[in-house]
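Taken in order, these protein sequences are the chains called R and L. Here this note's numbering is used: the first residue of the first sequence is 1195, the next is one more, and so on. Here this note's numbering is used: the first residue of the second sequence is 1195, the next is one more, and so on.
These are computed hints drawn from the structure, not numbers from a lab. Treat the hints with care, since some could be wrong.
Computed cross-link-like contacts, SDA-like style, restricted to lysine to any residue with a CA-CA straight-line distance of at most 25 Å [stated by the list, open to error]: (1) R/1228 to R/1260; (2) L/1199 to L/1247; (3) R/1254 to L/1258; (4) L/1228 to L/1272; (5) R/1254 to L/1280; (6) L/1254 to R/1280; (7) L/1254 to R/1233; (8) R/1254 to L/1307; (9) R/1208 to L/1215; (10) R/1254 to L/1219; (11) L/1228 to L/1256; (12) L/1254 to R/1208; (13) R/1199 to R/1233; (14) L/1254 to R/1256; (15) L/1254 to R/1306; (16) L/1254 to L/1323; (17) R/1254 to L/1276; (18) L/1199 to L/1240; (19) L/1254 to R/1323; (20) R/1254 to L/1203; (21) L/1254 to L/1240; (22) R/1254 to R/1279; (23) R/1254 to L/1257; (24) R/1254 to L/1199; (25) L/1254 to R/1199; (26) R/1254 to L/1208; (27) L/1254 to R/1219; (28) R/1254 to L/1283; (29) L/1208 to R/1259.
Chain by chain, the residues run as shown.
Number of protein chains: 2
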Amino acid sequence: MATLKYSRQRASIKEYLLNTHEHPTADTVYLHVKEEFPNISLGTVYRNLNLLADMGEAQKITTPVGGDRFDGRTDFHYHVICTCCGNVSDLELSSGHIAEINQLADRHFDGRVDSHSMIFHGLCPECLRNSRKLS
Amino acid sequence: MATLKYSRQRASIKEYLLNTHEHPTADTVYLHVKEEFPNISLGTVYRNLNLLADMGEAQKITTPVGGDRFDGRTDFHYHVICTCCGNVSDLELSSGHIAEINQLADRHFDGRVDSHSMIFHGLCPECLRNSRKLS
DNA sequence: GCTAATTATAGTAATTATTATCATTATTGT
DNA sequence: ACAATAATGATAATAATTACTATAATTAGC
Chain R
1195 MATLKYSRQR
1205 ASIKEYLLNT
1215 HEHPTADTVY
1225 LHVKEEFPNI
1235 SLGTVYRNLN
1245 LLADMGEAQK
1255 ITTPVGGDRF
1265 DGRTDFHYHV
1275 ICTCCGNVSD
1285 LELSSGHIAE
1295 INQLADRHFD
1305 GRVDSHSMIF
1315 HGLCPECLRN
1325 SRKLS
Chain L
1195 MATLKYSRQR
1205 ASIKEYLLNT
1215 HEHPTADTVY
1225 LHVKEEFPNI
1235 SLGTVYRNLN
1245 LLADMGEAQK
1255 ITTPVGGDRF
1265 DGRTDFHYHV
1275 ICTCCGNVSD
1285 LELSSGHIAE
1295 INQLADRHFD
1305 GRVDSHSMIF
1315 HGLCPECLRN
1325 SRKLS
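Produce the complete structure using the sequences and hints provided.
Put into structure tokens, the structure is as follows:
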């Protein structure tokens, strides 16, 4: 159930996300959408950003410092987080060897790449076993 | 200045980190070290975990859900986060092409790998320019 | 185009993770 | 042993996010 119902606030949030490359935090989105909807609440922004991410219409980027970032681009691409100012930038990268990945990334990026961290998402052995029992 | 001074609490925290593969949160470390030091405070655990990470004697792993995880292993390796239970596991991986990385990761992991996210760390173009001005 | 059903919102309170403060305690160089 | 200084424990404060709830907006059926 729980059929999705249109809301201007959500439309505005999505439009803002699609028209920026800033990888804004929820609070930044809030401040911008507030210009069109002065009474919008931060909770509404969070709810809709997470909703868009769950529907695959946005990406949520977990960062080591400050709040989570959101990205309207849904195609797979990498991000660079600045260890100096915390800004998140896009980085295009199609292939390469893991051992060379930092150098490779560095060559494809206007700034400087020192290191990277990669997290895989999936099921741990125990949950994989449990999921097999259920089906 | 600020010369580092030995503390039994920090030694115990480090020892615990080196002897587990659980990638514990600060709170989990706290609960374990509390058995040896019943009066230890959570702030002390956070302070020392961050100190160890800053000194390169531990790794801090930012996760999308729940608190940050800590790892006593300092050699470069990947992590898998379970989308089901949130557990963080080690994953060994030496090389491979980006496009094949999920399949490759899946073949090297007992559970199941569905996707991954990689974040590069470095300096954005503006901060890189600024750092050049300073030197 | 109304009306009823239901989802979304704004405003606020609550929660979670983490850091800051500070008086007291522990460590260390002399 | 003592003085200097770093670390601790306890607590308060902060930041990011989620939960709650009465009201408002949207939509499907008539």
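Each hint, compared with the structure:
{"no.": "1", "hint": "R/1228 to R/1260", "in the structure": "holds, 21 Å"}
{"no.": "2", "hint": "L/1199 to L/1247", "in the structure": "holds, 16 Å"}
{"no.": "3", "hint": "R/1254 to L/1258", "in the structure": "holds, 9 Å"}
{"no.": "4", "hint": "L/1228 to L/1272", "in the structure": "violated, 29 Å"}
{"no.": "5", "hint": "R/1254 to L/1280", "in the structure": "holds, 17 Å"}
{"no.": "6", "hint": "L/1254 to R/1280", "in the structure": "holds, 17 Å"}
{"no.": "7", "hint": "L/1254 to R/1233", "in the structure": "violated, 39 Å"}
{"no.": "8", "hint": "R/1254 to L/1307", "in the structure": "holds, 19 Å"}
{"no.": "9", "hint": "R/1208 to L/1215", "in the structure": "violated, 40 Å"}
{"no.": "10", "hint": "R/1254 to L/1219", "in the structure": "holds, 22 Å"}
{"no.": "11", "hint": "L/1228 to L/1256", "in the structure": "holds, 24 Å"}
{"no.": "12", "hint": "L/1254 to R/1208", "in the structure": "violated, 32 Å"}
{"no.": "13", "hint": "R/1199 to R/1233", "in the structure": "holds, 20 Å"}
{"no.": "14", "hint": "L/1254 to R/1256", "in the structure": "holds, 14 Å"}
{"no.": "15", "hint": "L/1254 to R/1306", "in the structure": "holds, 22 Å"}
{"no.": "16", "hint": "L/1254 to L/1323", "in the structure": "violated, 28 Å"}
{"no.": "17", "hint": "R/1254 to L/1276", "in the structure": "holds, 17 Å"}
{"no.": "18", "hint": "L/1199 to L/1240", "in the structure": "holds, 17 Å"}
{"no.": "19", "hint": "L/1254 to R/1323", "in the structure": "violated, 29 Å"}
{"no.": "20", "hint": "R/1254 to L/1203", "in the structure": "violated, 37 Å"}
{"no.": "21", "hint": "L/1254 to L/1240", "in the structure": "holds, 11 Å"}
{"no.": "22", "hint": "R/1254 to R/1279", "in the structure": "holds, 19 Å"}
{"no.": "23", "hint": "R/1254 to L/1257", "in the structure": "holds, 12 Å"}
{"no.": "24", "hint": "R/1254 to L/1199", "in the structure": "violated, 40 Å"}
{"no.": "25", "hint": "L/1254 to R/1199", "in the structure": "violated, 40 Å"}
{"no.": "26", "hint": "R/1254 to L/1208", "in the structure": "violated, 32 Å"}
{"no.": "27", "hint": "L/1254 to R/1219", "in the structure": "holds, 22 Å"}
{"no.": "28", "hint": "R/1254 to L/1283", "in the structure": "holds, 22 Å"}
{"no.": "29", "hint": "L/1208 to R/1259", "in the structure": "holds, 23 Å"}
The structure does not agree with the numbered hints 4, 7, 9, 12, 16, 19, 20, 24, 25 and 26 stated previously, though it agrees with the rest.
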